[in-house]
Amino acid sequence: AQSVSQHNHHVILSEAASLELGCNYSYGGTVNLFWYVQYPGQHLQLLLKYFSGDPLVKGIKGFEAEFIKSKFSFNLRKPSVQWSDTAEYFCAAMNTGFQKLVFGTGTRLLVSP
Amino acid sequence: KAGVTQTPRYLIKTRGQQVTLSCSPISGHRSVSWYQQTPGQGLQFLFEYFSETQRNKGNFPGRFSGRQFSNSRSEMNVSTLELGDSALYLCASSLASNVADTQYFGPGTRLTVL
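Heads up: the sequence lines are chains A and B, in that order.
If you count the first sequence from 1, position 41 lands on 41 in the numbering used here, and the numbers rise without skipping.
If you count the second sequence from 1, position 87 lands on 200 in the numbering used here, and the numbers rise without skipping.
Honestly, the hints are just simulated from the structure, not real lab data.
A couple of the hints might just be wrong.
Interface residues of chain A toward chain B, partial, derived using beta-carbon atoms under 8 Å [unchecked claim]:
#  : residue
1  : 43
2  : 44
3  : 48
4  : 49
5  : 52
6  : 90
7  : 98
8  : 99
9  : 100
10 : 101
11 : 102
12 : 103
13 : 106
Just so you know, these numbers come straight off a predicted model, no measurement behind them.
Note that the Cβ used here is the ideal one computed from N, Cα and C, for glycine as well.
One chain only, chain A, in its complex shape (with noise of 0.2 Å):
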């Protein structure tokens, strides 16, 4: 069955401090592979995707994401956090052809001043 793991569900990060969210899936065939963000009272909102090529890609915000195929892993990276990034994180995929966005259960971020 499709899935998507993410391991952290909570995180507490002093500002500056270096980010790394994981996420990993389990699909066959083609996947896409997006991270997107919830801050409080928001709605959820694109961060970045994975379609094909480069598998580093760069989001809003700073964000950046790596595709690593043999590890079925699609982390998500900040290399110095802010306290505006208070937010819960949702890693999702989706099969080539198909408009459903499997979620993983999102990690929470904490960013303390």
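Guided by the hints, dock chain B onto chain A, whose structure is given.
Quick look at chain B alone, frame taken from chain A:
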């Protein structure tokens, strides 16, 4: 461009009632997907409509249904509400024809079933 809009934003219903939620996609987007978000189950796919046809369906009971109109606006209906249907219902739109495409989410409708 205006984003995805959902109405109403909040709803309170009682068990056994039915409810209809509405979603207006981004202009030009023809695919509309619906998701249920709960603290226990996270985000789960309900169904997707494209050109007024349901293309994909998640693992939800038949009490959950939807439709899409010719202007791509979509409605979702839940009949015979149960307490467990309390959730944030999210709508997402995309251009998507035959390939995977990025989905853009609305603010959601928070449904509380008493």
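Hint check:
no., hint, verdict
1, 43, "4 Å, holds"
2, 44, "4 Å, holds"
3, 48, "10 Å, violated"
4, 49, "6 Å, holds"
5, 52, "10 Å, violated"
6, 90, "7 Å, holds"
7, 98, "6 Å, holds"
8, 99, "5 Å, holds"
9, 100, "5 Å, holds"
10, 101, "6 Å, holds"
11, 102, "7 Å, holds"
12, 103, "4 Å, holds"
13, 106, "6 Å, holds"
In summary, the structure is inconsistent with hints 3 and 5 from the numbered list given earlier, while agreeing with the others.
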